[in-house]
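S.K.: Sequences listed follow chains W and P, in order.
Sequential numbering from 31 applies to the first sequence in the working numbering.
Sequential numbering from 822 applies to the second sequence in the working numbering.
FYI, nobody ran anything at the bench for these hints, they're computed from the structure.
Note that CB positions come from ideal geometry on N, CA and C, so glycine has one too.
Take these hints with a grain of salt, some might be off.
Examples of chain W residues toward chain P, derived with CB under 10 Å [as the list claims (entries may be wrong)]:
| # | residue |
| --- | --- |
| 1 | 284 |
| 2 | 286 |
| 3 | 289 |
| 4 | 293 |
| 5 | 377 |
| 6 | 383 |
| 7 | 384 |
| 8 | 387 |
| 9 | 441 |
| 10 | 479 |
| 11 | 481 |
| 12 | 500 |
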Amino acid sequence: MFKSLERSLSLPARFFAIHVLLSTIGCAPEPMPVSADVKANSGLQVETSVVNTTPVVNATTAETPDRGRFSGSAFRFREIEKESGFDFERYDDMKGQRRILEVNGGGAAIFDLDRDGWLDVFMTNGCRLPLSKDTRQSPGKLFRNHRTMNFRDCSLASGLEQFGFCFGCAVADANEDGFEDLYITAFGGNQFWTNNGDGTFSEVAATNGTWTGKWSAGAAFADLNGDQCLDLYVVNYLDESDEHPKLCPEPTSPDGFVGCTPAVFDGVPDMLFLSDGAGGYMNASADAGLNELPGKGLGIVIADFGGDQVPEIYIANDGAPNFLFTIERTELIGGGIQGIRLHEEAIAANAALNEQGFAQASMGVAAADFDHNGAMDIFLTHFIDDTNTMYLNRTPDGGPLVFEDATRQTRLGPPSFGVLGFGVANIDIDNNGWQDLVIANGHVDDRTWMKAGQPYQMLPQIFENLQDSTFREVSEMAGTYFQKPVLGRGLATGDFDRDGFVDVVISHQRAASTILKNETAGSRAVTLRFVGRTASRTTIGLKVRVLNGPVPRTEQMIGGGSFQAASSNELYLGGIADGPVDLEVTWPTGHVETLQLPTAGYWIIAEKGQLAAFVE
Amino acid sequence: MSKFDAMSKRSDLQPRTLAGKYRYVLVGLVILAIVLAFAISMLRKDVISLPDSVSPEALEEARREFVELFHRDPDEADLMMALAETAVRNEQPDMAIDCFARIPSDHIRYGTNARFQEAEVLLRANRVEKAEASFREFLTLQENRPDLDRKYLRKARAWLVFMMTIELRFEARKLILQQMVQDGEFDVYDAKQLYFPSLSANYSIQSSSRLGDFLKQAPTCRPLLIAQARYLVRQGKLNAANQLLQSLQLQYPTDSETIAATLECLYEMVDWKRFESVISTAPSFTPDEPWLLTQMRAEFARYSSDWPTAEKYFRKVLESDPANPACHMGLAVALYGLEKTAERKEIQERSLILAKVRVYLSAVDQNVPGGSRALAQDATSMGMPEAAQTFELLADRIQRGAR
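Take these sequences, add in the hints, and give me the full structure.
M.R.: Below is the structure:
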C-alpha cells in the first residue's frame, strides 16, 4: 500500500495521504485506560525491532537542498522578510505609568494546526487596560504556514479570536482527537482553544474547567498522574489589579514613575487541572497542596529529572526560590481521577537557590541533557546584574534529586551579567548532537535616564555547547538579528521549513516580532513526531535514546519550557550518522521499543511500532 | 714716662683693668643675649613657616580676624586652625588639610577637633587612607573628652563604616559597628550591615565608581586595589580582575587579603590549577584571617570533595558572618557529602530564610517598625539572638518615635 502510494501520488496528495493515515490512528478516540494496557489494532504490526521502512511518500522538498557535510562552522540565523506573511507587533498598553502588567510581553506557540506537516504559529497579544468585557481590539494572531515559511494570517477564518491581555501558551492534543489544542494564559481569564479539526477553534475554558481569573504566565501539559491523559499545570504570577494597579512614583523619572519590582506584590499559588479523559478538567490544586505555596511563577518545565519515568515539575519564580515538585499518587478524587500530591523539594535538590544562596529573578527555563550524562539539566534566565544559572543534574541512580549550580563551570555567568533574559530554548543549532542555547533579552523598565543607567533594549544571545560542559557565546557571528537590541520576550522553536534545522520565533515588545530561519551549515536533524496510542497522543514524557552514531544520548519530550511559549511537539536529533538510525523509545507508559529508521528526515512514529511514515 | 713705662703702668694696672673690662664685656654680652632673645621671640611670633598652600596675605588676614574676635594675639595653632576652617568654608581642601596637619593631636584646644575636621576634608577629597587615620586618631582622642558632643563620635564612626563599605573591608567594619551597637548609637542601616554583611554588600556601579575616586588619589594603595579587583569579579570582568590581582600578587606574595581576592577571582574563573597553586602559598589558617580566605579554603575543600575540611571552614566563616548565604549553600553540599541529613536540612532551611531576607532587606528602613520586626523574627529563625534583640530594639524605637 505504501509503495503504490509512493508511485502514484502528487505532492499535495501525499500530504493528504499522511493526514489520512494519521487520522486512521486516532480519529476514533478511545477511552483512556487507567493502566497501560495495550489495545491491539488488527492488520498492523505489533512492536518489532525494525518497522516497515518503505517510505510512504518520496517527495523531496526542493526548496531545502542538503547543505553538505557538518563543518562545525558558525551559527547563522536570518530574519524572514515581512513578505513571508508573518507580520505581528504586540500591544501592551504602555502609557507611561510603567505598570507591571505591561512589562512581561507576550509569547508564541508553534504547532501544526491542520496536520499538513507544516508548523504554524500563534502569537499572544495584550489590550487596553483596565480590561473590558467588550474589548475587541488587538487580538492574538494565528499564522498558517503554507509550506516553507509562507505564512497567512488565518485568525479570523479559524475563529481563534484571542482578546484580552494574554501572555503564554501551551500546546497538546488535549482531547486526543488528533489535532493539537492551544491553552493561552492571561490576566483575568485564561483561554482553552480546542482545535475542531476543520481549521477552526472553539474556546472552552469556561466549560472544560480550566478557566482562571488570576494573572497566569506559563502553562504546560503533561500526564502527571499516570493515567495517560494530559493534565494541565498553570503557573500564576502576581496579585495585581488592572483597575487599581500598583504604581511606583519617581519624581526624577521622565514620566514620574519607575517600574515596581515583583517584591512589592504578593505571589499567587499555581493551579493544577487534572484531565478526566473526556475533554474536561478538574481543579486539583488544593489536593495537590499548591494553595499553600504562593510563588511568583513565570516559567515552567515538566520533565523526568529523576530518571524514574515519573515527571517532576520545575517552576521558575521571579525573586523567590524556585520550585521543584515531585509527584506522589494519592487516592482517586472526584470523577475517578487519580489524585496526586505535589511535594516541593527544590531546596533539598539544591535547585531553589543559586550557588550564592540567592533566590534569583527567574524568567525563562530550558531543560535538556546539556552534558550528556543521561539526566535532564535546567537552565534559567535572570535579571540584569545577575547571572543566568545552569543547574546540572547530578542525581545518582535511584537516589534523590540533586543538582549542582554549574554556572561558573559552564562559563555562562559573565556574558549574562549585563543583560536581562526572558525566553530561552535549547536547540541543537548545528545538528552536532549537542544542545546549544538561544536567549531573548530585554529590560522590563526603561532606566536609560538614570545616572548609572541600564540598557533598555538588549542584544539576544546564542551560546554554543563546546561539548565539555562549557559554552561559548557566538552571538556576533550568528547574523544581523543578534546585533540589534530589542525587547525580547517569549521564544519558541520548530522547523518551519522542514529543512532539518530548527528555527526560532521571538515575541518582541515595542517592535514587530520575528521568525529566525536557521541557516547554519551542517547535516540535517532527524525530525521525530510521535503519536501515542495507549500513551497520550502528544507524547510528553517520551524518551528517545540514540543508540548509534557519533553522539549516543537520550532526548526527552518535555512539557513547557522557555518563557510564555510552546515549542513544537517534535524531537530533532542532530549528530546522527549517515545511514540507519537506531533508536530506543520509551513511551510515557513505560513501554520500550527499539526502532531503526533507514535514513534521516521527518518521521512520524506511532506507538507499538504500528506505523512509521517518512516525509522527506 | 716712656712708652714702656706707660705700658708697664698699664700692665700693672692691667690685671685690675682687664678683669673690669671682661666684666663689662660679659655684662654687655648678657644684655645683648637678652635683647637678642627678646627680639627673636618677637620675631618668631611674626615669622611662621607657612604651608605652601597658605599665602602671607592669608596669614595676615587670619591674624587680623583672630585679634578682632578674641582680642589677643594668636599663636601658630590658633592661626592654623583659623586658616583651616576658613579653607573648609571656602572649599579649599588642600589648604585645609595642610593647616590641620600643623596642629598636633595633643594640642589642648584644637587637637581633637582638628583631627575630626581634617578627616572629613580628607574624605571629601577622596584621600581615604589619611582620612581613616585621622578618624581613628579622633576616636582615640575623644575618649578623653567627655565634654565632646557625641554627634561627632557617631559621625566619625559612620564615616569609617562608609569607607570600609566601599572598600569591602567587612571585618574591620564589623568592629566599628559592634562598638556603635554597644554604645546604643546606631540605626537600622548600621544593624543591617552588622548582622547581614553579605546580604547588604553592594557591588553596584555607584560603589565601584566611588572606589575609583579613592584610587585616583592613591593609585598604589593595596587595599583599594584589592577592592577594585573584587568589584571587577562581581561585575563579571574576570580577565581584568585577574590581571590586576596577578600584579598585586607579585608585589605582596604573602599578603592574606591579596591571596584571598586572587583565590576568589580564580574560583570564578574555574581555574582550579592556579587556585591550588595560590592557596598553597597562603599562610596557615588563623581565626582572624580574612573571611574570604577562609571561605576560599572551604570552596577548595568542596571542589576536592574533602567534606570534613569543607564543613570545618564553612562553619568558621559562619561564626564570623552567620548570615553568609554562599557559605550556607557550601556547607549544605559538604553535609550532603558527609551524609549528615538532619543538619543539612537545617542549613538549607536557613538558606531559604536568607533568600527571603535578601529580597526585603533593602526596604527595611528607619521609618517603619514592621521591617525591623520582620528581621528580628527571621534572625530568631536563623539562630541569631543578638541580631534579633537588636532589631526588636530598633523596631520599638521607631514605634516610639512615630508616636
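S.K.: All hints, please: hold or fail.
M.R.: The hints, checked one at a time:
{"no.": "1", "hint": "284", "result": "20 Å, violated"}
{"no.": "2", "hint": "286", "result": "21 Å, violated"}
{"no.": "3", "hint": "289", "result": "16 Å, violated"}
{"no.": "4", "hint": "293", "result": "5 Å, holds"}
{"no.": "5", "hint": "377", "result": "5 Å, holds"}
{"no.": "6", "hint": "383", "result": "5 Å, holds"}
{"no.": "7", "hint": "384", "result": "8 Å, holds"}
{"no.": "8", "hint": "387", "result": "3 Å, holds"}
{"no.": "9", "hint": "441", "result": "8 Å, holds"}
{"no.": "10", "hint": "479", "result": "15 Å, violated"}
{"no.": "11", "hint": "481", "result": "8 Å, holds"}
{"no.": "12", "hint": "500", "result": "9 Å, holds"}
Checked against the numbered hints given earlier, this structure breaks hints 1, 2, 3 and 10; the rest are met.
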